[in-house]
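Start from the sequences, fold in the hints, and give me the full structure.
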Amino acid sequence: MSLDIWRGEIFGLLGPNGAGKSTLVRQLTGLMRPDSGSVEILGHDIVRYPERASRILAYLGQESTALDELTVSLAVETTARLRGLGLRSARGERDAVVEELGLGAIASRPLKKLSGGQRRLACFAAALAGERPLLVLDEPTTGMDPVARRAVWGAVDRRRAERGATVVLVTHNVIEAETVLDRVAVLDRGRVIACDTPAGLKEKVAGEVRVELVWRERAPVEVAAVAALRAGAVESGRRWSLRLRPDEARAAVAAVTGGPAFAALDDFSLTTPSLEDVYLALGGSAKGLVKS
Amino acid sequence: MSVVPAEVLQGGARAGRGGLTVEGGELAPRARLLPSLAAVYRAQLSRARVARIPLLFVATFQSVGIMILMRGVVDGGREAQAVVAGSSVLVVAFVALNLLAQYFGQLRASGGLDHYATLPVPPAAVVLGAAGAYASFTVPGTVVTAVVGCVMFQLPVAHLWVLAAVIPLAGAALSGLGAALGLLAPRPELATLLGQLGMSAALLLGVLPADRMPGVIQYARDLLPSTYGVEAFARTFGARPDWGGVLLDLGVCGVVGVASLALATWAYRRAAVR
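Same order as they appear, the protein sequences are chains X and U.
Taken in order, the first sequence gives residues 64 to 355; the numbers are from my numbering.
Taken in order, the second sequence gives residues 79 to 352; the numbers are from my numbering.
Hints in this document: simulated from the structure, not taken from any laboratory.
None of the values given here were measured: they were computed from a predicted structure.
The C-beta atom is built at its ideal place from N, Cα and C for all residues, glycine as well.
Using C-beta positions, here's what the derived DEER-type ranges look like:
| # | chain 1 | residue 1 | chain 2 | residue 2 | range |
| --- | --- | --- | --- | --- | --- |
| 1 | U | E104 | X | E162 | 23 to 33 Å |
| 2 | X | R213 | U | R120 | 27 to 37 Å |
| 3 | X | T320 | U | E267 | 51 to 61 Å |
| 4 | U | A116 | X | T334 | 49 to 59 Å |
| 5 | U | Q184 | X | G206 | 13 to 23 Å |
| 6 | X | R221 | U | S188 | 25 to 35 Å |
Far from chain U, some chain X residues (derived; all Cβ distances over 10 Å):
| # | residue |
| --- | --- |
| 7 | I169 |
| 8 | R212 |
| 9 | A218 |
| 10 | K267 |
| 11 | V277 |
| 12 | A294 |
| 13 | G300 |
| 14 | R308 |
| 15 | R313 |
| 16 | T320 |
| 17 | F331 |
| 18 | S332 |
Here is the structure:
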């Protein structure tokens, strides 16, 4: 596996759980030494000097246990101090980040007492305290409401625009990947199966259309046209998902909206392909990507 | 399957990406030992305040309860002194050894150590900050236990000031041991178990008068770091305390404290980068 990430870009690692995203990130942050290969950040060899990673990057992991019993403001201030800031600048940084992310109302509450999304935002605030040229964020928006998500992406964009920060983002959220990433590496079972801009990746499946069918109770497989569609469908309960060429899609829709199959049909939709389709087209093993 | 990653994050010196050169030297400074120790200490003390006050009550009641029980067994003199000193230091063992072992065990198991490991903070600051906070947290309980014990067994309170040395030194030895147990235990349940066992040892070997123990147990008692804190404290109840002996015991306690904190720091390094 080989990846180059350019300065100032928002680079994504997309893949389902178990694809190897977190392992890769642990190696990038110096938490885990790779068996072989090299990791280089801004000219520094992280395999040889793993402790340098902490002086170049800020890492937002998936766990908050180290901060759980602290108040939001003390968690941010302490993290800033442990990033080498003096007391006064750590407090300045704390106030600025709390303000920027709109955490003022909950600043004096312990993280433990917050909802999952709020806690995640507080940990993100701690990651931002004390400037770093590289931010490594492991699924930063998990559990967040839209307001908190906007605060996160706003803060990320500002750091890139004003300070040229680089962001490595781990996600299994397809929609997020399409909207915020400059480039994305698609991972599956420890391999990079593609690496390009979201638009570039979607070109690969540009000739295809996604057809979603939802059946009322069960699929009427006794209808020959429906039985034929089943071969190419990914089934999850009453929902069938198919990737088809436009003419095939038209024929499929005609088949299920006319004749006996229509009585069994609850809903259907036609959409342009998403990164999930790219992932599937590239041979990804499917389960675990999120669309929301 | 083995994954062989080779990722490179460079300064944009790619064909067609402009003429930027790969820059080095963008290393932020490390956090210095004392300021980061102070920051960890403060954070740990604040979380201890929130989460550990009920446990401190438990620790104090436990020690007072043991002294009440022992009243029927010992009849004043050296034995009473040993009981009061042992019960007081037991509060330190409960919090610094048992609770700290649990804390580090859980932190390690849940991946919470990653937070510290990705900050440029000296390992000693994390361990000493946490150990110091837990040890300071034992102060009220230890003092209360000592005063109650003195009243109960009619011992002089004149030299209770020696607790100002006993708590930090015994605290260092026991919290270093607790942190090391928590960080080295492969599973959090095991860390909890080891912490409990360490505290039971401190209870049995520290509170019961040594003269009545079999020889083997007396050796075990000599190996336990808290013993020297207990001995130093017990000596000060005498009519004319042997201050040389007190200093010697405190010195041993201090040396064990440095050794156990060094062990804990090594254990932290080992646990942080897997």
